[in-house]
Amino acid sequence: MTCRRIARFLDAYLDHELSDRQRMVFERHIRQCPDCARYIQTYRQSIRVARQALRNPEVEYIEAPEHLVKAILAAKLAVMPE
Amino acid sequence: MTMLTTPSAPSSSEQDLIERVQRNDPAACERFVRCYSGRMLAVAGRYFPCESDRDDAVQDAFLSAFRSIGAFRADSGVSTWLHRITINACLMKLRARKSRPESSIRELLPSFDHAGHHTHPVASWGGDAFDRVATEETRAHVRRCIEDLPNTYRSVLLLRDIEELDTHETARLLGISATAVKTRLHRARQALRTLLEPHFVGT
Chain W
1 MTCRRIARFL
11 DAYLDHELSD
21 RQRMVFERHI
31 RQCPDCARYI
41 QTYRQSIRVA
51 RQALRNPEVE
61 YIEAPEHLVK
71 AILAAKLAVM
81 PE
Chain F
1 MTMLTTPSAP
11 SSSEQDLIER
21 VQRNDPAACE
31 RFVRCYSGRM
41 LAVAGRYFPC
51 ESDRDDAVQD
61 AFLSAFRSIG
71 AFRADSGVST
81 WLHRITINAC
91 LMKLRARKSR
101 PESSIRELLP
111 SFDHAGHHTH
121 PVASWGGDAF
131 DRVATEETRA
141 HVRRCIEDLP
151 NTYRSVLLLR
161 DIEELDTHET
171 ARLLGISATA
181 VKTRLHRARQ
191 ALRTLLEPHF
201 VGT
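For the record, the sequence lines run as chains W and F.
Per this note's numbering, numbering through the first sequence is continuous, rising by one, with the last residue being 82.
Per this note's numbering, numbering through the second sequence is continuous, rising by one, with the last residue being 203.
Derived by calculation from the structure, the hints in this document are not laboratory data.
C-beta: ideal position from N, C-alpha, C; glycine also.
Hints are not guaranteed to be accurate.
What the hints assert, rightly or not - Quick partial rundown of chain F residues pointing at chain W, CB under 8 angstroms, derived from the structure:
#, residue
1, Gln59
2, Leu63
3, Ile146
Said to hold, decoys possible - Each computed SDA-like pair below joins lysine to any residue, with the alpha-carbon atoms no more than 20 angstroms apart:
#, chain 1, residue 1, chain 2, residue 2
4, W, Lys70, F, Ala27
5, F, Lys98, W, Arg5
6, W, Lys70, F, Glu30
7, F, Lys182, W, Ile47
8, F, Lys182, W, Lys70
9, F, Lys93, W, Asp15
10, F, Lys182, W, Ala71
Extracted from the complex, chain F is given alone in its bound form (with noise of 0.2 angstroms):
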């Protein structure tokens, strides 16, 4: 993403906004707000095509940066802290929501006879599969998708694949081992796939 992700010291400037803003100065908050909300909206937008979820989550995620900016530290740029924010609370509004439960990953599993071999046939998409998903009612059939994963599994997938986090920074947002990350988004890749077949198989 083009957002600065790069973990380098904030400018100057960004640092001198910081520190007015940790002052509660009423200018500065407003410079921040205006300043970041552009990119944090976009990050947004990824999770919610409406306008007031995505809205919701950029407000509750600025609630967050303020809450916790006494303890931002100068050695990673506001960007990628404000990109975390950002990510957790999609996360969480995303958690809010019904979901699958956990348990229910199983059905979504390929599964194999006693010899190890594909029960079913495996069939091909089509060739045009990603021309498709220019077409917004395909964009919005895979987020669909996404959001009908169990909770624990679509938060890796998110992280990993659409925010292109590495394991270690998935692992250290959601409170898990490394392991369970690969594990999680081995299973939700698996699911996913599972879930966009009818749609994208082959004709």
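So that you can see chain W by itself, here it is in the shape it has in the complex (with noise of 0.2 angstroms):
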């Protein structure tokens, strides 16, 4: 096992994809490499660094401006007249 074969096969191994066999084979290198152990924790830490950085819990409804409404059914309106 290398660190090349550790970096390709991170998401099998993070979506336990990988046999029994195979995850044993994976965690005795990453127990035994350093740089791996910590690409994996930077991996996963840039994940999660993605998805709290674009989405925010407290915003999940934002209401419309009146001048948005407006011209969303003016511009409705110039391709489907009524």
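Since each chain comes alone in its own frame, lean on the hints to assemble the complex.
Structural data, given as structure tokens:
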């Protein structure tokens, strides 16, 4: 098992798609290779960071400004007259 | 996300509204916009911090919805359908922006020597990486890094990791195979990690 193969099968590992034997070999390498251990940790962190940066749980609804409602209805009228 | 995404049939009041919109009833069309724009703006706001870009994307999404509402089937919820349309409008708007060439993804992937070891030592990120995402400055930086990904890789990352659509739904929306989704997602995540690293590497 090499660092290149660890990086290549990382998603399969994180998604629990490896067989028991494959997972054992994978985890043995991670225990012995600090670079791979840090790579996996920072790979997972980057996914979480991206999600946290773009998804604000406090903002699941934004009141539409009146000008936008009017603009949408005007644009709709232009392409689909009543 | 809290937007209703369960694929259940529309309620009778939703069904009634849709039928009236399909008949081009002006009052129903306005109610449709007022009823669903709030959640669509929240989705678009994830992709576009600039309000005018966000509003444009939602306007595009509504026009797309009005054009295709005749084909809307009652086997999935209106919110789920509009969520997909909104994501598509956002992705199209992002695609129109200048971005890195697709081939540039290679320089963002990790490199290995002939024996398969990492070419460069891998550093830890600071333990407060997540606390730092709380600042607007860091959020803006992360958003810029995502925007900096080549188009096809950015699209897959947004759909899988941000919108949390599954592989098959993502493949369907993008018109690519499930295998292509998995390959592109992996490369997108690796590339994003590379782009984020200078900002988060530990102190």
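> Checking against the hints above, which ones are violated?
Replying inline: 5, 8, 9 and 10
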